[in-house]
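Peer 1: One letter stands for each residue in the lines below.
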Amino acid sequence: MMQTISSMLDVTARNDPERIAVYFDEQGMSYGELNREVNKLANGLRSKGIGHGDRVMLFMKNSPMLVIGYFAVLKVGGTAVPLNVMCRAHEISHIGTDTSANAILADDDLWHGESSVRDVLPDLKHVFVHGEVQGPHEEAVARIVSDNTESPQVMVGLDDIASIIYTSGTTGQPKGATQTHRSILSNVMGCCTRNKFERDDRFLCALPLFNNFAINVVMMSAFASGATMVVVDRFDARKVLDQVNRRKCTYFAGTPTMFAYLLQEYDPARDNVESLRVMNTGGAPCPPSIIEEVEQTFDTILLDGYGQTEACGFTTLNPVVGVRRANSVGVPISNLWVRIVSDDDQDLPVGEVGEIVERGTPFSIHRYWNRPEINSEVYRGGWFHSGDLGYVDDDGYLYVVDRKHDLIITGGANIYPAEIEGVLCSHPKVSLAAVVGIPDDVKGELAKAFIVLRKGVTATEEEIIRFARERVAKYKAPRAVEFVESLPQGPTGKILKREIRDRIARGDS
Amino acid sequence: MNVGNILRFACRNFPNKECLICDEERFTYSLLNERVNRLANSLMDMGLKKGDNAAILLQNCSQYIEIYFALAKIGAVAVPLNFMLKGKGLEFLANNSAARIMFLEEATREQVEDVRSRFTSIGSDSFIFIGSTVPEEYRPYEKLISEGSPEEPDVPVDEDDDLIILYTSGTTGLPKGIVLTHRNRLTYFNWCGLEYGMLFDGIHMVTTPLYHNVACFLSQTQFYTGGTVVVMRKFFAEHSVELIVREKVTSTFMVPTQLNLVLRMSGVEQRNLSSVRTIVTGAAPLATRTKEQIIGLFNCDLHEMYGLTETGLITNMKPGDALRKVRCVGRPFFHMEMRVVDEHGHDVSEGEVGEIIARGPLLLRTYYNNEKVYNDAMRDGWFFSGDLGRVDDEGFLYLVDRKKDMICSGGVNIYPMDVEEVLHTHPKVHESAVIGVPDERWGESVLAIVVLKPGESLTEEDLIRYCKDNVASYQAPKLVEFVEELPRNPSGKVLKRELREPYWEGRESKI
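Read top to bottom, the protein sequences are chains R and C.
Those letters in the first sequence? Residues 1 to 509, by the working numbering.
Those letters in the second sequence? Residues 1 to 511, by the working numbering.
Treat the hints as calculated values from the structure; they're not laboratory data.
Glycine included, C-beta positions come from ideal geometry on N, C-alpha and C.
Don't take every hint at face value.
To give an idea of the chain C side of the interface with chain R (calculated C-beta under 7 Å), a few residues [said to hold, decoys possible]:
(1) 1
(2) 13
(3) 16
(4) 190
(5) 197
(6) 199
(7) 332
(8) 337
(9) 361
(10) 365
(11) 369
(12) 442
Listed next, with one range per pair, are the computed distances between beta-carbon atoms [stated by the list, open to error]:
(13) 365/C with 140/R: 41 to 47 Å
(14) 287/C with 143/R: 44 to 50 Å
(15) 53/R with 124/C: 34 to 40 Å
(16) 139/R with 349/C: 40 to 46 Å
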């Protein structure tokens, strides 16, 4: 008997039916209930002709319905294609066409804003709306669910595609990263082991559940551990701190930016965060000063990791017990190899910076959906080329230096923005920092820092530059500083440098 | 993915990390992987192919670990054998497994030489000898290592390929070969790594024979998560404690007998055992007092596992419940499923005794060349264990007994474990085994075979009276026999078949 993502839910529902699987607001749903709801929807989808291999888009805000929808699609042997809730019609059209999805499961308000997209998606036969139905082509989810609470008997293989997640596209058009039952389970088990998750853990999910970090690192780890997931509709530092206290959460995952906000919001007189056991950060390089401050303030462990949607989550993570190294994103999880290579794919010695390339079972054998050319480029020689720069130490700990793409070259010398951002964030007045290259006739590029200050403080450009020059080589220190109210961020809080660069190119800055 | 890739990955990711310690030998991942590759390539040069079986008749040693990985890398199937096997037993298994090669050593040489003329599938040049001096007629193991290529063997091996055949100890009938695939094992590694906290910084000590399922999968779990394995050639309580202190062992598996020996060591409480985070035990449920002593001594998590080699771990008793539940083996292990059913395969009600059945990814693929017996044991994906148990209101499983160890006296079922439990509460009793012996009137009657604590004495009448005060009188032993020690297999299980044999000799119906 093989274990798939869907069978995992069946087994927990049998072994531990009363345990709460999901909390959302006041609502708690046990594994038994969740599995029955999933089966009812899955049997409903089946009666609509949706089955093995079909792609179903999910266009929903964080809610139990999204969890039910995701698993129902998997239980009929289908592929879930989660959409960013910010997606507009033209983006949905791109993804819908690319995957030739034949159904969409959507929140009413989200769908009704973009429903015109139906006209350009001939393959889209079914629109299942959670909430109020408006047009003749829409069917209410509540109407299609079956009475049958038994799991549908569908053969699902480990190499079947469970989900296609479109990557944020820091370069070029969004590509769909395929994730198979095997690649997801393989990654999730690695992540669980590093964190030593157990069924008494309570995972707080404030990341959006259309994103890989939320779906696999948080939700799948929680369900693989038979633990409880506390879902909030969106990240809000106040809400997160309240929920940690209210539901006694033991685990939280977020981007470095989220942790910066949590630190700002934290009020020791009001917030009880004793229950927190371990937290993970990823999605962007995390300045060591943030890790240190989080660990001291919340008296918990914050593990820094590195990973990709293509690998279903973290590919390296510091261990929760054992040696954690400052500035390092840890060691590879089981089932995964990491190499550091030169531009011509030759292995580089320990300590030397090169491109991080990876392979192993967390990478789906189907790679990017429908992109043979990109696949042969990105996966050349069988290795996933991350586009990130890094090095490993003698003991195999990985250090991510930066995105290859974000590298600033000034007068022939390399500046890794992440390093400078880390330094800037250690300034007591700085909350967030982004360093990008601006064109310079002499040097080619110069480093410019965009800074969000902490609440209620002011600072001068000179002060910031001086602070940086005292800590890094002069050529690396920013030549210009701009104070901003906020920085453009992706749905998971990743700072979108491309947008900052675009703004500079347009002359807005 | 396959089991051999574990070393390949680890060797790429952290080549200089220490991974294996056995006496004075110490290996890094890169050294171990190189030796494994050399062995694997030499075995292929000898003609060993994917799907071929290789018998191993060795005591614990670092080479045992190498052999397991080398066979996995080339898709050959390991057949680890009990190193005490000899005569017809050894002949049967060597031939039944159709092994193409055999690994042996000085300690097992005589056993092999006694019967090797009757081996049908192992060629005379296919005996590989481990040791510093190698008799002429054998292939020296180290020569295979020095002559083999250090390159990764290029054999496609995937998760559905067979990895290992483990023979049942044969408490009833002929031994059966339990076939497990790479996928079975990889699932074990994920689940055990997590459940037992055998993580990247872990140092796991092997105290039981490596031919046995538990030692095999727990040691490989520790490699899988990138930790270090310490192999004991033989178990001595004193030495195990020394190793824990010296190597800062974080987890180990010991059967109750071993744990009792460690607990009884004089001065053990003065040793620094603080590195130990997890102790896993199995084979027989621990008495609550013993659990308290272990937790008191090691200040660590204590897990009790239950399962058959056929099923893998069916249940696990987690540390939080260890003291709360008495003589209990816990709840379903990870994503395994477990039920207790009546003779028609229907769930019995809570608290009632029935047969334990299990389902999940740890189940065997089949019995080697014995599809029929496999099909008999399986129904709708469930494996019927032959063990009797009951489940409480919280879903915890209690073993009542082996179905075949059950005593039927005057039409009433008596579960030896109930009686043994009472005997163990007697202050003078060290251990005991209760069996059924022929009885003209009742069919069977209850016999207690008892080992007293050193220097103690007790009469049969006193002990029977003590039992009658504590259990229903039909359960109390009719006879008591005092012995010096109980026969056990090397993994610590009491061999009840051996105890029963003299009483049932010449009778057809029982055993």
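Peer 1: All hints are to be evaluated individually against the structure, with a verdict given for each.
Peer 2: Verification of the supplied hints:
With a cut of 7 Å, the hint placing residue 1/C at the interface with chain R holds, because the nearest CB-to-CB distance is about 5 Å. Checking residue 13/C against chain R by beta carbon gives a least distance of about 5 Å; that is within 7 Å, so the hint holds. Interface restraint check: residue 16/C against chain R, minimum CB-CB distance 6 Å, threshold 7 Å, status holds. Checking residue 190/C against chain R: minimum C-beta separation of about 4 Å stays under 7 Å; hint holds.
For the restraint placing residue 197/C at the interface with chain R, the shortest Cβ-Cβ distance is roughly 6 Å, inside the 7 Å limit, so the hint holds. Interface restraint check for residue 199/C: the shortest CB-CB distance to chain R comes to about 6 Å, inside 7 Å, so the restraint holds. For residue 332/C, the interface hint holds, the least distance from its beta-carbon to any beta-carbon of chain R being 5 Å, beneath 7 Å. Given hint, residue 337/C at the interface with chain R, holds; its Cβ is 6 Å from that chain's nearest Cβ, closer than 7 Å.
At about 5 Å, the closest approach between the beta carbon of residue 361/C and any beta carbon in chain R falls short of 7 Å, and the interface hint on this residue holds. For residue 365/C, the interface hint is violated, the least distance from its beta-carbon to any beta-carbon of chain R being 10 Å, above 7 Å. Taking 7 Å as the C-beta cut-off, the interface hint given for residue 369/C is violated, the closest approach to chain R being about 22 Å. Below 7 Å, beta-carbon pairs count as interface contacts, and residue 442/C has none with chain R, the closest being about 41 Å; its hint is therefore violated.
Evaluation of the 41 to 47 Å hint for residue 365/C and residue 140/R yields a pass: the beta carbon distance comes to about 46 Å. Checked against the hint of 44 to 50 Å, the pair residue 287/C and residue 143/R fails, with Cβ atoms roughly 59 Å apart. Hint check: residue 53/R to residue 124/C, Cβ distance near 55 Å, so the stated range 34 to 40 Å is violated. For residue 139/R and residue 349/C, the Cβ-Cβ distance of about 43 Å falls inside the hinted range of 40 to 46 Å, so the restraint holds.
Violated hints for the displayed structure, listed by number in ascending order: 10, 11, 12, 14, 15.
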